[in-house]
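**Student:** Single-letter residue listing:
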Amino acid sequence: MTTATSSPAFLEFRDVGQVFQTRRGPFEALRDINLQVRQGEFLCVIGHSGCGKSTLLNMVSGFLQPSHGSVTLHGKPITGPGPDRMVVFQNYSLLPWLTVWQNVEMAVKAARPELAAESRREVVTHHLEMVGLMEARAKRPGQISGGMRQRVAIARALAVSPAVLVLDEPFGALDAITKEELQEELLAIWREQKPTVLMITHDIDEALFLADRVVMMTNGPAAGIGEILEVPFERPRRYEAIQDDPRYGQLRNHALDFLYRRYAHDVD
Amino acid sequence: MTTTAPPSPASTRRRRRLRPTLPQVLPYLLCIGAFLIVWQLLSALLGVERLPGPINVLVDTWDPYISQPFFDDGGTSKGLGWQILISLQRVAVGYGLAAVVGVAIGGLLGLNRFAGKGFDPVVQVLRTVPPLAWFPISLMVFQDANTSAVFVIFITAIWPIIINTAVGIQEIPQDYNNVARVLRLSKRAYISNIVIPATVPYVFTGLRIAVGLAWLAIVAAEMLKADGGIGYFIWDAYNAGGDASSSQIILAIIYVGVVGLLLDRLVAWVGRKVSKGAA
Ligand SMILES: Nc1ncnc2c1ncn2[C@@H]1O[C@H](COP(=O)(O)OP(=O)(O)OP(=O)(O)O)[C@@H](O)[C@H]1O
Ligand SMILES: [Mg+2]
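Those protein sequence lines, which keep their order, are chains A and B. With numbering that gives the first Met the number 0, the residue at position 59 of the first sequence is 58, and numbering never jumps. With numbering that gives the first Met the number 0, the residue at position 227 of the second sequence is 226, and numbering never jumps.
So here's chain A without its partners, still in its complex pose (with noise of 0.2 angstroms):
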């Protein structure tokens, strides 16, 4: 992982690290990472606890600068969060005083301030539509389940169509049933507006289904990217179907061996 190519790739890490100042000192999150995205692609990051997936996603989101190197889109520096790199929060993060619509369109408005009020409402209802919502539209986040409010959180991100998409465990907190329907809504979803997605995850076969890529990181402090496993499955894919592929098993175990055994999470 260290070619350097000439031309800039769309989303470049490039000798990317991280050093938080703590109360104890200096605490070396990340180190030599360096990673190129294509545009469009579908990546996951898999990793232990604690060792820095979200402070790596973060510094695409823009809400943290890497402390050496750079993080670059299109070739331009990332100095601050904005509406191009949309982020769906772990904890969904909707506004719970708004409806299911009025979530989506203040940010559709906030993010696309180009949009005439008919075309707005068309962007709102499509997006609602892919993640099957328009029922619940007039609903608050406080009266939907779980899976519902990460569906609303997802519609409003991609609604105002990012270049790239980041999400932090998006699906953790779910049942297995509705993680796998939001799993294909978001393929469906993604399949049609190509953004590059950048998602972590603890779910290996989760990223097997979902990804182009899957980055395995090293355990923190320092850590970095350990391995990349291409994932050569065909699209639009079934879980059945990769499932029985013989090279499901080893890319599967390959992960697992890499986790559970070279990078094993030392208890302290």
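Derived from the structure by calculation, the hints contain no laboratory data. For every residue, glycine included, the Cβ atom is placed at its ideal position computed from N, Cα and C. Any given hint could turn out to be false.
The list that follows gives simulated cross-link-like pairs (lysine-lysine, BS3-like), each with its CA atoms no further than 25 angstroms apart [said to hold, decoys possible]:
#, chain 1, residue 1, chain 2, residue 2
1, A, K138, B, K272
2, A, K108, A, K193
3, A, K108, B, K186
4, B, K116, B, K186
5, A, K178, A, K193
6, A, K138, A, K108
Far from chain B by the CB rule (all over 10 angstroms, computed), these chain A residues [what the hints assert, rightly or not]:
#, residue
7, S66
8, T124
9, P235
With chain A's structure known, arrange chain B with the ligands on it following the hints.
**Tutor:** For chain B with the ligands alone, coordinates are given in the frame of chain A:
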């Protein structure tokens, strides 16, 4: 005979609510009854002159204070309804001003980290000043008992409003601020979409504490210096020292308590209406 239609579910439900069952009111009946009996016994023990019992209060004040709450004999001799209204009017002015100014100042202190930090000690010290400590300086400044009473309400009620508004803004969950940052919300959109809705429940907590304090303060301020108002009535009854004066004072105290409770519930109710969905 015509057959009567069976009562619709809605009307039975309403009737059930209107006519509460015995088990529902039993705790109130028993406990309040016990309270009245203890009071009556205490009164018997101490002597009716020193502490009238509930029955004495009722008998002594029935005419005119209970039966005619809105009599007006001119001057300060008015029914308790009027006296309460006079007090409420002062509270309305002082509290209303405190609400407007308090939310504005609290908003500034909450949005501006520097000012919020710098003024915090001032607010923390001034908020602990008891209401009546403001009264003398207020009289010196305004030279007028009525204005001073209103000012005391204002200055008593404003601190919890300032503090809760500022805290409400500072405590806006980081998640919501992150949403605002990702969407690059304009200052205006940020305030109207996030700051105000997220802060409303806190503001109403402050307003609710403040209305209680305001009501405490008005009665005290009127006892010191005022013409008219429920506090004045209590002090006047005490100074008059007639046979029924202690009964009148006790009746006025009950009025004060009930009105205070109603004010508290009113603000809480408005708060619930306004902050639908939030918090
Ligand atoms: N602002 C910060 N200041 C100091 N240390 C931090 C800060 N943010 C993260 N860290 C530390 O950096 C390391 C990586 O944190 P990060 O949140 O990126 O991990 P993660 O891989 O996302 O973990 P999880 O899977 O539990 O979400 C952790 O040890 C964490 O304690
Ligand atoms: Mg994390």
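**Student:** Could you run down the list of hints and mark each one as holding or not?
**Tutor:** Against the structure, the hints:
| no. | hint | in the structure |
| --- | --- | --- |
| 1 | A/K138 - B/K272 | 17 angstroms, holds |
| 2 | A/K108 - A/K193 | 22 angstroms, holds |
| 3 | A/K108 - B/K186 | 14 angstroms, holds |
| 4 | B/K116 - B/K186 | 21 angstroms, holds |
| 5 | A/K178 - A/K193 | 21 angstroms, holds |
| 6 | A/K138 - A/K108 | 20 angstroms, holds |
| 7 | S66 | 20 angstroms, holds |
| 8 | T124 | 20 angstroms, holds |
| 9 | P235 | 29 angstroms, holds |
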